[in-house]
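Enquirer: Chains as they are written, first to last, in the numbering used here: chain A, 42 to 309; chain B, 173 to 518.
Because the hints were derived from the structure by calculation, they are not lab data.
All of these numbers come straight from a predicted model, not from anything done at the bench.
For glycine and all other residues, C-beta sits at the position ideal for the given N, C-alpha and C.
Be a bit skeptical, because a hint or two may be false.
Said to hold, decoys possible - Some, not all, of what chain A presents toward chain B, calculated at C-beta under 10 Å:
no. : residue
1   : P63
2   : A67
3   : T68
4   : G140
5   : P159
6   : D162
7   : R177
8   : M183
9   : F195
10  : E217
11  : T239
12  : A275
13  : T294
14  : E302
What the hints assert, rightly or not - SDA-like, lysine to any residue: derived pairs with alpha carbons at most 20 Å apart:
no. : chain 1 : residue 1 : chain 2 : residue 2
15  : B       : K411      : A       : Q220
16  : B       : K357      : A       : G208
17  : B       : K454      : A       : G208
18  : A       : K209      : B       : E360
19  : B       : K407      : A       : K98
20  : A       : K98       : A       : S43
21  : B       : K391      : B       : E425
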Amino acid sequence: MSDFQIVVCGSLVPDPLQTLEPLSGATAPSLKNEMMLPTILDPWAAHALYEAANLAKKNQGSKIYLVSLGPKGKLQQLMMSVAQKVGFELIAIDGSASGFTEPYEVSEVLASAIKSIPNLDMSKLLLFGGCSSASRDAGVTMQLVAERLGISDFFLGVDELIIEQDGKLTFKERVEAGQYLVSTCSAPPVAVGWSTGTLPVPPNNPQLGMMNMRGVLPALQKAKSVKVSAEGVAYSKVEQPSQRRDTRIVKDTPVETIVQELVEWLRS
Amino acid sequence: MEKLLLLLHTEDDGSLRRQSLEALTSAKETAEKIGADFYLGIVGNGAKKSTELIGNCGAKSFAVLEGNDFSAPRYSTDKSAALALIKHFAATVVIAPNTSRWARALPGATFQAGGRIDTRVTGIATDGGIQIQRWYYRQRMLATLSRTQRPWVILIESGIFKAWEKVSVQVNVEEVSAELKPEMKRTESKGYENASGGEQTIKPDAPILFVAGAGYMKKQSDGKTHVKEAEELIKKFLKLSGASLGSSKSLVEAASEGAEVISIMTHMNQVGQTGSTPRHQKGLSTCCHGEEPHVIGWRFINERRAVNTDPNCGWAQGKTDVLYVADAFEVMTKLNEKWGQKWGQA
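Chain B with its partners taken away, still in its complex shape (with noise of 0.2 Å):
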């Protein structure tokens, strides 16, 4: 039989992500239907309060592992903290958000624990044993497989599970402890920074994701560049609706290249083949004209609706839900007018 262990790692203010929550649903669902024991350990800042929090998940016993080694990400010390919880349970499966801290410690702590790991698992289908889901070549492809090594370590996207309810519960909790070599100690963090060095523009769990295109470096209809009132209507659009921000690559590229700019785009704003693929419910593509690379970053969006003036471009061929042909720069303009007056800011 399947022993499966949980295993989630606290932010840094001892609270527990969305994605945690839903990586609890999927690994509960997972142990329910084949019947396996259900283990949880987490690992961080607060970790034996958080256990309180989901109390309620039924889990058969839980562990966790705390203090001041192990409260800022970091791959060492996260990869054995994670190693000491899958042999503290011994077990064969281990489900984990895909968070990037997790992303960056679990594949060493399962390489020490002797198994293999999955990342990027889209799905879990337990016919006949656990088979998982997960895309290749950049959401190009869809794969199903299972796997014969044990502990199979499984990262799940965000996005897949319904997070699960907290009830606060009191649980009885284990404290283990990892071994720490000094060497383990090298690397210090510093704490956080945003990419952008100002406002907040990328938010995973907005409902609307906001992408500029390139064109709106280009020459517009009176023969001159507008980026600076460009970045004016994005920024207000930002601000009204609550949306994430996405950009096409030539978009955020053209900072290094020397050319005028959207101050607020970053690399990490970037959707497509180099960029993210994020998930939200809404998509609004602006001044985007990218077909295959664009439509990587848009695979996971369900509703899609672009403005740009090519009624034949590729984006919009069979690829989003309706095309308006028109100036980017009116639509945006009325449309900020209108949004503000009707609600104000989001």
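For reference, chain A alone in the conformation it holds in the complex (with noise of 0.2 Å):
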């Protein structure tokens, strides 16, 4: 068994059951009502985290640390969600959490603070993150990120993470056609873009929470305050998909009539 350093880089997205609307911007769009809207721990971000857990469980001595980049109120109260799953360690970056914003830009930001977490073993280090964010939807940040700190390993799309008895990692990474692409490398340091891996999403424990919360709002005191855009980047439209279908009900129908109609639906 080893003992790891695990990083995982995750933010706060709108709870996907808002609408969202767009709004210009003099750089780059932004939501309507966006501070106010409520929000969650990335989906893909959150699943690196309670894969995080699990192996910090199950490999004595491990530590956890969740790098935030977000405004720092909306920040505050995410973690009082999420401070109720896993045990971790906060470094929060004040700035935006924006879609639109430029991930390399992010990546800069986010590599910074990694930087500066005190006696880092890049030997031991395993960076997590989602394979994309619920935001930008690019897929693109972890990778930045892992150039920025010199890692040369990284695997995209991963369900599942083994560390075999000779200290090997083994990746599942998801790859076309539902198949998985199975890799192995010898040792940390490595990056990792979790899909949504194998675990349920973990209990609420309060007790874990307000033990968590007393290092959280230290870290959200201290957060670093930090300007992110998109230079370069010219936004010339943004638009809501307008796709509202006139659906024809069929209802008190005979079941025959149904797979008749269907059949020749699917058929033709």
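Take each chain as given, in its own frame, and dock them per the hints.
Expert: Written out as structure tokens, the structure reads:
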């Protein structure tokens, strides 16, 4: 068994059940009432965090850091729920969590925060994050952070990480047509963009939450303010899709009739 | 003037996938519209031979990187190979298919080349320079944007452009080499495995997407659950129709919550907010009730029909073309019977 230093990058995104409306801005678009929208921890980053917790539990002496870039006030709200799920040390960065910011700039901020972690041992580092965010949905930030940290092994869309007896790391990455690419890396450091993984969402643990919040609140207080934008990008249009369909509702109809219609449609 | 590089990779057997041929169409059209020189670079097993398959594409020159180190997908070596080709052609715009292999490696190559990257691009316009379209917030808003930084790497989604019609023509091909440091070989590919451990249920090229929802797990009209029966119905329909299988989040997560499950269902089948957004001509949804997250999974399904027992379900209202208010078990049983009698297996 090894002891790892697991750094999870993850921030907040609007709750997926919210209707979002874009607004034009001087440099980049934003969301209407962005600061008022309820938020959640980015879903794939959340899976990365749960996988990290599971790995830390199995490997005594491991430690988890959650590096999170977002507006300080919103991060504090978010941490009230996230802190009840798993144990971690928060490294908060006060800045925009908008999907319209540039991953190149975001990665610079994240890498700088990771480098500032005291006694960070690259030979034990597992850099985790989501395979993409539910905001920008680009799937590139983790590679850029890895490049800035000099990590040469990266795995995208990972559902499973197995620590072998000899210390090697085996990854299962999602590839096309419902298959996994299975690869083995000799040792850390590695960077991983997690998919949904294999674990259920941990139940809330208020005691853990209270313990975590003792570290979370000071971390939020000393969060460095940064400016992330989208330099060099010109957004000419941002629009919501208008996909309201005229749904024909077929009810009180014999199953045979429905099946006949379905078969004709599917075969047409 | 822009120098446009189309960057492709071969499959394990040396072939080029359909998505690569679609990217070829997009690159050629874009280059013609903006008056750019168009170059072609291919990485992977049999790359040199594969250039002949698309020798009719009109690229100004061709270059490849092949050999054992570039056969299997691996971040470090794929990144180096892509970087070598970008540098070789001094490309200012790079178009590539948004495959898992390039989605993994090209962000790193772009970083090393000092450029910027856009992934999951769903359209390219050329009025007054290149502008791309891509979705934000998981298919909830569509943006059109341009960039000043170069090289600009653009990963094209599948199903956007028509696939290039291959005509074999022999062409001159340059062989390029990439710098490979020992630490770039720390990762070793062990091959592929099916996510479901059995039958292949995810078929990106299938015309039909069949989505099963959590309703299959619930108690039916007789007060009992019929999960195994549901599994057989679904398997039979997939076999007969050749459809690709999708699922709602709640159905795939039932497995990790210890409930009786449909064994062929994994997270890979999941569509929606934290799942995939597949592209198929037709979609048939059964026993699904999610609204906004579900719509996200169906954003690129052209014709949509649904079978469920609730006429007021949010998914039905304005999202699907036809909603059949009926028991999905009954409908699927009869549908399989009818299909089998009339056409047999797809």
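Enquirer: Give a verdict on every hint.
Expert: Verification of the hints:
no.	hint	result
1	P63	5 Å, holds
2	A67	15 Å, violated
3	T68	12 Å, violated
4	G140	5 Å, holds
5	P159	26 Å, violated
6	D162	17 Å, violated
7	R177	6 Å, holds
8	M183	8 Å, holds
9	F195	4 Å, holds
10	E217	6 Å, holds
11	T239	7 Å, holds
12	A275	5 Å, holds
13	T294	7 Å, holds
14	E302	8 Å, holds
15	B/K411 <-> A/Q220	19 Å, holds
16	B/K357 <-> A/G208	17 Å, holds
17	B/K454 <-> A/G208	47 Å, violated
18	A/K209 <-> B/E360	11 Å, holds
19	B/K407 <-> A/K98	38 Å, violated
20	A/K98 <-> A/S43	11 Å, holds
21	B/K391 <-> B/E425	18 Å, holds
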